[in-house]
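Top line first, the protein sequences correspond to chains A and B.
Residue numbering for the first sequence follows my numbering, starting at 566 and increasing by one per position.
Residue numbering for the second sequence follows my numbering, starting at 566 and increasing by one per position.
Incorrect hints may appear among the rest.
[Unchecked claim] Pairs of lysine-lysine residues, derived as DSS-like cross-links and limited to a Cα-Cα distance of at most 27 Å, are as follows:
{"no.": "1", "chain 1": "A", "residue 1": "LYS692", "chain 2": "A", "residue 2": "LYS721"}
{"no.": "2", "chain 1": "A", "residue 1": "LYS721", "chain 2": "A", "residue 2": "LYS695"}
{"no.": "3", "chain 1": "B", "residue 1": "LYS852", "chain 2": "B", "residue 2": "LYS692"}
{"no.": "4", "chain 1": "B", "residue 1": "LYS692", "chain 2": "B", "residue 2": "LYS721"}
{"no.": "5", "chain 1": "A", "residue 1": "LYS695", "chain 2": "B", "residue 2": "LYS692"}
{"no.": "6", "chain 1": "B", "residue 1": "LYS852", "chain 2": "A", "residue 2": "LYS692"}
{"no.": "7", "chain 1": "B", "residue 1": "LYS692", "chain 2": "A", "residue 2": "LYS852"}
{"no.": "8", "chain 1": "B", "residue 1": "LYS852", "chain 2": "A", "residue 2": "LYS852"}
{"no.": "9", "chain 1": "B", "residue 1": "LYS721", "chain 2": "B", "residue 2": "LYS695"}
{"no.": "10", "chain 1": "A", "residue 1": "LYS852", "chain 2": "B", "residue 2": "LYS721"}
{"no.": "11", "chain 1": "A", "residue 1": "LYS692", "chain 2": "A", "residue 2": "LYS852"}
Honestly, the hints are just simulated from the structure, not real lab data.
The chain contents come next:
Number of protein chains: 2
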Amino acid sequence: MTQNPHGSTGPGSTGSTGSAGVPAVTFDDVRDAARRLAGVAHRTPVLRSRTLDALVGAEVHLKCENFQRIGAFKFRGAYNALSRLSPQQLARGVAGYSSGNHAQAVALAARELGSHAVIVMPEDSPKSKKDATAGYGAEILTYDRYTEDRAALGRKIAEERGLALIPPYEHPHIIAGQGTTALELIEETGPLDALLVPVGGGGLMAGAATAATAMVPGIRMIGVEPEAGDDTRRSLAAGHRVTVPVPRTIADGQAVETPGELTFSINRRLLDSVVLVSDDEIRAAMKLAFERLKIVTEPSGASALAALLAGRIDPLPVPGRPGRSPHPPRLGVIISGGNVGLERFLELLG
Amino acid sequence: MTQNPHGSTGPGSTGSTGSAGVPAVTFDDVRDAARRLAGVAHRTPVLRSRTLDALVGAEVHLKCENFQRIGAFKFRGAYNALSRLSPQQLARGVAGYSSGNHAQAVALAARELGSHAVIVMPEDSPKSKKDATAGYGAEILTYDRYTEDRAALGRKIAEERGLALIPPYEHPHIIAGQGTTALELIEETGPLDALLVPVGGGGLMAGAATAATAMVPGIRMIGVEPEAGDDTRRSLAAGHRVTVPVPRTIADGQAVETPGELTFSINRRLLDSVVLVSDDEIRAAMKLAFERLKIVTEPSGASALAALLAGRIDPLPVPGRPGRSPHPPRLGVIISGGNVGLERFLELLG
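The following block holds chain A by itself, in its conformation from the complex:
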């Protein structure tokens, strides 16, 4: 792939571009990512629960990315992006900025590929997250989140040191990597009537929608945002990207003020709708996931499940397969992550 002068692996790095002048991501890109991830990322299990099915009146298939390496889907995109860097670039290293799962994802992907990662994190990040990122061998640079711009800082450091900057979602290789979640899910379940996906920056949704709509024509793609971080929903309504106030929500992985340009260009084309969930609905979903499904979810990780449990998907999709007697709709739900310490979990649900 092409390296731009700053060592960035920005959107300019794919050949084809979409109608808005931003690069397209195709199902072939997702399949290619799946080949790169084989044997490196976990093929995470798809869980079923008859209790859950009975509760919501649907056949629900939970793609459990909380069991992914680093505890969230983010490893898929980061590894896919890094795996495409040249040996020279890997030797120089990579940079990322994140207070959350993307930091660990870039750090681990760099270690797996023999590279070196520099991660820009807020100085008040939880110690557990800094420790986990450092544990994968990354160098951590902290900044003051109230006075400094992390994106500018990331770019500056990447430029100074010749590092490839790996953005959290605004990149075709990141999006294609995240799309392998839906690819694996549908390979296992067969056609689904709808797929529910948490939306933060929109990378997971853009990738999942690229794969799912190619595999199952007519599938309904439903995004889920926290009430306080409804930037994608507002942007879809407005027809262009809008910015919302800094979201206050327990779903920290979805506390995004504005959708990515690339992710939004894909999502506006492929999404059916975005529904919202409250923090209390997310808490209820985390509790049900714990007690009935026996899985640990972080707030963002449980938001799509929360939308289903809270009746936000109304009406449920009408099963679309012809020639069959009526049956409950078949829904996929992406559980996107499980990185929540026991103490924080107790704080949220205790």
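Go by the hints and put chain B onto chain A.
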């Protein structure tokens, strides 16, 4: 199968008997159980964690029966046993006594097979367990655990009403059903050097050992008991079944005073050793399972993992496959259940 006059499906119901005059359980019985359970029980996922592997210096495969129906492996044995009753017996109904997972297992198996279950439970059982059992349509009879004998009460009710009594472990069909855990695990992983299994009454271990030793000659079968409930370990040392004082342990599913006659006759033949874990070691394993593996385990469910983490398996098995360069030992660990409410979980770990 033969019904005895009391409608019990007791050990007399299989054709072959072992050397001690108790019925044998064979690998064919386990395979037959697997056929009966197909499409009814979940084929539970086998999870891997590189963090865990690095911690213990082994390749660890976790068979997650916390994801089984009713939240524990018990459904396998109960369903297998009930599925062998005659239509007439199913119409009359079944009885079980349990304060724990076996109650829900019999209740759900009865519902699945169109039968009716009567469950004898202590009157001070947690409301959540009584509710869950009643939720599967069972009739609950309570008794005073300090003055009444639940086994005698169960027999009396079975006799009076013509119900088939389904014991929690002392039955060849129960044992064969539980053995399908190991069958599925090894089908997925290939040969293992050792398999770690929680031991309470010994039914899970007897079934797992029957399957695993048939599939992998030379596999080390390692039982794990809580320190306070070491009846099987003491019995193995004594060469006969011994009784320990009423165990005080958080691992309520393993708080057994004496091994079953049938289960012990199998386990004494097939087990390599039994190791013990403290309640604090179980707590530490539950915490690691939560934070790193993202799964919810009940104390008994985490005990085999606890033994591994606490270094109780020492030395780790030497990999036994010839013609290969040295590699870390390949271990199977059965996570036997995840039925712990959020409140109780906080009480244990908060």
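Here is what the structure says about each hint:
1. A:LYS692 x A:LYS721: Holds, at roughly 25 Å.
2. A:LYS721 x A:LYS695: 21 Å, holds
3. B:LYS852 x B:LYS692: 25 Å, holds
4. B:LYS692 x B:LYS721: 25 Å, holds
5. A:LYS695 x B:LYS692: 42 Å, violated
6. B:LYS852 x A:LYS692: Distance ~18 Å between B:LYS852 and A:LYS692 Cα, so the pair holds.
7. B:LYS692 x A:LYS852: 18 Å, holds
8. B:LYS852 x A:LYS852: 17 Å, holds
9. B:LYS721 x B:LYS695: 21 Å, holds
10. A:LYS852 x B:LYS721: 40 Å, violated
11. A:LYS692 x A:LYS852: Holds, at roughly 25 Å.
When each numbered hint is compared with the structure, violations occur for hints 5 and 10.
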